[in-house]
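Construct the complete structure from the given sequences, taking the supplied hints into account.
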Amino acid sequence: MQVEKNITFKIIGYYIGKIITVLGILQLLPLITSLIYKEWTIVFNFIISMSISLIIGAVLVITCNSGKKRKVDWSHGMIIAASSWFLGMLLCAIPYYMSGNYLSYLDACFDVMSGFTTTGLVLIQDLDHVSNGINMWRHFLTYLGGQGMIVLALTFLVKSTSGSYRMYVGEAKDEKLLPNVISTARAIWYISVAYLVVGTLTLWIIGIIIGMPIDRAFLHGLWVFMAAWSTGGFAPQTQNILYYHSTWYEIATVVFFVIGSFNFALHYAVWNRNRKEILKNIEIQSFTITATFLTLITFAGLIKLNVYPDFISIFRKGFYLLISGHTTTGFMTIYAKQFFTDWGNIALVAIIVAMLIGGSAASTAGGFKGLRMGIIFKGFIRDIKRILLPESRIQIDKFHHISDVVLEEKHVRSAMFIVLAYIATFAIGTLGGVFFGYPLTSSAFEAASVTGNVGLSIGITVASMPNTLKIIYIIIMWVARLEFMSVLALVAYAFFGVRKKWLR
Amino acid sequence: MFKNLKNNFIGLLIEIVFASGLIVLGLFLSFLFGLAK
Chain D
-17 MQVEKNITFK
-7 IIGYYIGKII
3 TVLGILQLLP
13 LITSLIYKEW
23 TIVFNFIISM
33 SISLIIGAVL
43 VITCNSGKKR
53 KVDWSHGMII
63 AASSWFLGML
73 LCAIPYYMSG
83 NYLSYLDACF
93 DVMSGFTTTG
103 LVLIQDLDHV
113 SNGINMWRHF
123 LTYLGGQGMI
133 VLALTFLVKS
143 TSGSYRMYVG
153 EAKDEKLLPN
163 VISTARAIWY
173 ISVAYLVVGT
183 LTLWIIGIII
193 GMPIDRAFLH
203 GLWVFMAAWS
213 TGGFAPQTQN
223 ILYYHSTWYE
233 IATVVFFVIG
243 SFNFALHYAV
253 WNRNRKEILK
263 NIEIQSFTIT
273 ATFLTLITFA
283 GLIKLNVYPD
293 FISIFRKGFY
303 LLISGHTTTG
313 FMTIYAKQFF
323 TDWGNIALVA
333 IIVAMLIGGS
343 AASTAGGFKG
353 LRMGIIFKGF
363 IRDIKRILLP
373 ESRIQIDKFH
383 HISDVVLEEK
393 HVRSAMFIVL
403 AYIATFAIGT
413 LGGVFFGYPL
423 TSSAFEAASV
433 TGNVGLSIGI
443 TVASMPNTLK
453 IIYIIIMWVA
463 RLEFMSVLAL
473 VAYAFFGVRK
483 KWLR
Chain Y
12 MFKNLKNNFI
22 GLLIEIVFAS
32 GLIVLGLFLS
42 FLFGLAK
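In order, the protein sequence lines correspond to chains D and Y.
For the first sequence, this note's numbering begins at -17 and goes up steadily by one.
For the second sequence, this note's numbering begins at 12 and goes up steadily by one.
If you're looking for bench data, these hints aren't it; they were derived computationally from the structure.
Heads up, some of the hints might be wrong.
Said to hold, decoys possible - Using 27 Å as the maximum straight-line C-alpha spacing, the simulated DSS-like pairs for lysine-lysine come out as follows:
#: 1; chain 1: Y; residue 1: K48; chain 2: D; residue 2: K319
#: 2; chain 1: Y; residue 1: K48; chain 2: D; residue 2: K286
#: 3; chain 1: Y; residue 1: K17; chain 2: D; residue 2: K262
Said to hold, decoys possible - Covered by chain D, according to a simulated footprint, are these stretches of chain Y (three or more residues, beta-carbon under 8 Å):
#: 4; segment: 16 to 25
#: 5; segment: 34 to 41
As the list claims (entries may be wrong) - Ranges of calculated distance between the beta carbons of each label pair, as one might list FRET restraints:
#: 6; chain 1: D; residue 1: L36; chain 2: Y; residue 2: G32; range: 42 to 48 Å
#: 7; chain 1: Y; residue 1: L36; chain 2: D; residue 2: S385; range: 39 to 45 Å
#: 8; chain 1: Y; residue 1: K48; chain 2: D; residue 2: R257; range: 35 to 41 Å
#: 9; chain 1: Y; residue 1: K48; chain 2: D; residue 2: L72; range: 47 to 53 Å
#: 10; chain 1: Y; residue 1: G32; chain 2: D; residue 2: Q377; range: 30 to 36 Å
#: 11; chain 1: Y; residue 1: L36; chain 2: D; residue 2: S446; range: 39 to 45 Å
#: 12; chain 1: Y; residue 1: K48; chain 2: D; residue 2: I7; range: 53 to 59 Å
#: 13; chain 1: Y; residue 1: K48; chain 2: D; residue 2: F477; range: 32 to 38 Å
#: 14; chain 1: D; residue 1: D379; chain 2: Y; residue 2: K48; range: 40 to 46 Å
Small disclaimer: the values here were computed from a predicted structure and weren't measured.
Backbone N, C-alpha and C fix where the C-beta goes; we use that ideal spot for every residue, glycine too.
Right, dumping it as structure tokens:
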């Protein structure tokens, strides 16, 4: 039994070691950025942080090398995914903490998890004067998190095995674009990098037009695109997107974060001649319906309280923030406190619902996803039909996601399970806020933002918030992003002694 | 996929047009609600 336990540890250790090594190598990008801008202290910080990651990664890979040839089963895949996100957080927070922009290591970890999970809530201090190296690292982390760390490792360092797919699923991406999971991971990066070029160029040009210096416009364009595409919501300025005071900047970011919230399987289909998929896909239909419906509710709430004087303001604030919440991006065009002071309960409820629904499955977005929303709705309609139609009639219902899929009980049950898990997590987050003395509406808003990996804030997430609440939010971001199963598998492995079942 | 640049580019444009369509919808709804004020 002890031998088997060691084998399990070695399999997990080997792959986590690989992923940590990748994270170490990736620190070269912010390091080079700091070198270019002569931020010597930050260069030093990244050298130390990179060394730590590479050493830990190498030690794990070398000591657990025998795990390389072993079969990775489902439990291993789940545990590797959940552990690598958690360990990645601890290691990637080192340069944050050393930069002096954080009041504590916990705050640095919060921001890393917020970046990885593409949430976008921040505890960083004096953001307007943060070095370019740290800003590069913040936005790069959220860009990587959007695609997924496992996807990244599969692209570069791990050979194709059946275990690769299990790790990939552990990261809550269960769509195979191509028969081979490594090719799938590469296709995901191909699409993301193509958009990175187009998006950065667009925002760079807009930045120059609105009066930013060329190099600054480029960096802002790159960073804001990374945050938009990964539905992350980070920005290099405290005022977030409001800082730019540009309708064109806002329109461009909406385009990129809406596209970023699409399923990678949809991107792949549309990019490979299956162009009508964008109109037929259940996720897109579900998103369009819920976005329109919730926009109407938001506008009704804002008009009732006479919050904005004209339709342009309603569009730039109301529509922008609703879609930002629905795609789980979290870009803001108002100050956090304005949600509390100006918006009123009707608009806030609409935006809370939008944040919980989120974007598409197997995308960079969070929330319980439009696919599940569509499946549950179809299941609901099917049940009504069963009541109304004669019992003898055999009813076959379908939904369209890349191909026509017959709606089965297991689809509805699985979707319901995940939605219920999200609602339970949202309830825990809300209770956490209320417990620490925040108003119910504010607690619910922030909890929805954390659960849906959104990043819109009503003002609770600040460095002075209670540490316990920070830890609750970190756990919720992590659990919700990985869609529960991986983290539950890790918890079960660590605490409940179910290892015997898994060891073979 | 990687060898089919023309189709990839058309796909990218279709997605951008679709997302822009959503913005037009938002503008239209904002306009309607602005009129109703």
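Right, here's what the structure says about each hint:
1. As the CA atoms of K48 (chain Y) and K319 (chain D) are separated by approximately 25 Å, the hinted pair is consistent with the 27 Å bound.
2. Restraint check for K48 (chain Y) and K286 (chain D): the C-alpha separation of about 9 Å stays at or below 27 Å, so the hint holds.
3. For a cut-off of 27 Å, the pair hint linking K17 (chain Y) to K262 (chain D) stands: about 23 Å separates their Cα positions.
4. With 6 residues bearing a CB less than 8 Å from a CB of chain D, the segment 16 to 25 of chain Y meets the requirement of three and the coverage assertion stands.
5. Counting residues of the segment 34 to 41 of chain Y whose beta-carbon sits less than 8 Å from any beta-carbon of chain D gives 6, enough to reach three: the coverage restraint holds.
6. Between L36 (chain D) and G32 (chain Y) the Cβ separation comes to about 46 Å, which falls inside the hinted range of 42 to 48 Å.
7. Checked against the hint of 39 to 45 Å, the pair L36 (chain Y) and S385 (chain D) fails, with Cβ atoms roughly 28 Å apart.
8. Roughly 39 Å separates the CB atoms of K48 (chain Y) and R257 (chain D), a value that falls within the hinted 35 to 41 Å.
9. Distance hint check for K48 (chain Y) and L72 (chain D): the Cβ-Cβ separation is about 51 Å, which falls inside the suggested range of 47 to 53 Å.
10. Distance hint check: the CB atoms of G32 (chain Y) and Q377 (chain D) are about 34 Å apart, consistent with the given range 30 to 36 Å.
11. The supplied range of 39 to 45 Å is met by L36 (chain Y) and S446 (chain D), whose beta-carbon atoms lie about 40 Å from each other.
12. Against the hinted window of 53 to 59 Å, the Cβ-Cβ separation of K48 (chain Y) and I7 (chain D) comes to about 55 Å, which satisfies the hint.
13. Remark: the range hint 32 to 38 Å for K48 (chain Y) to F477 (chain D) is contradicted by a beta-carbon distance near 56 Å.
14. Roughly 42 Å separates the CB atoms of D379 (chain D) and K48 (chain Y), a value that falls within the hinted 40 to 46 Å.
Of the hints listed earlier, those the structure fails to meet are numbers 7, 13, in rising order.
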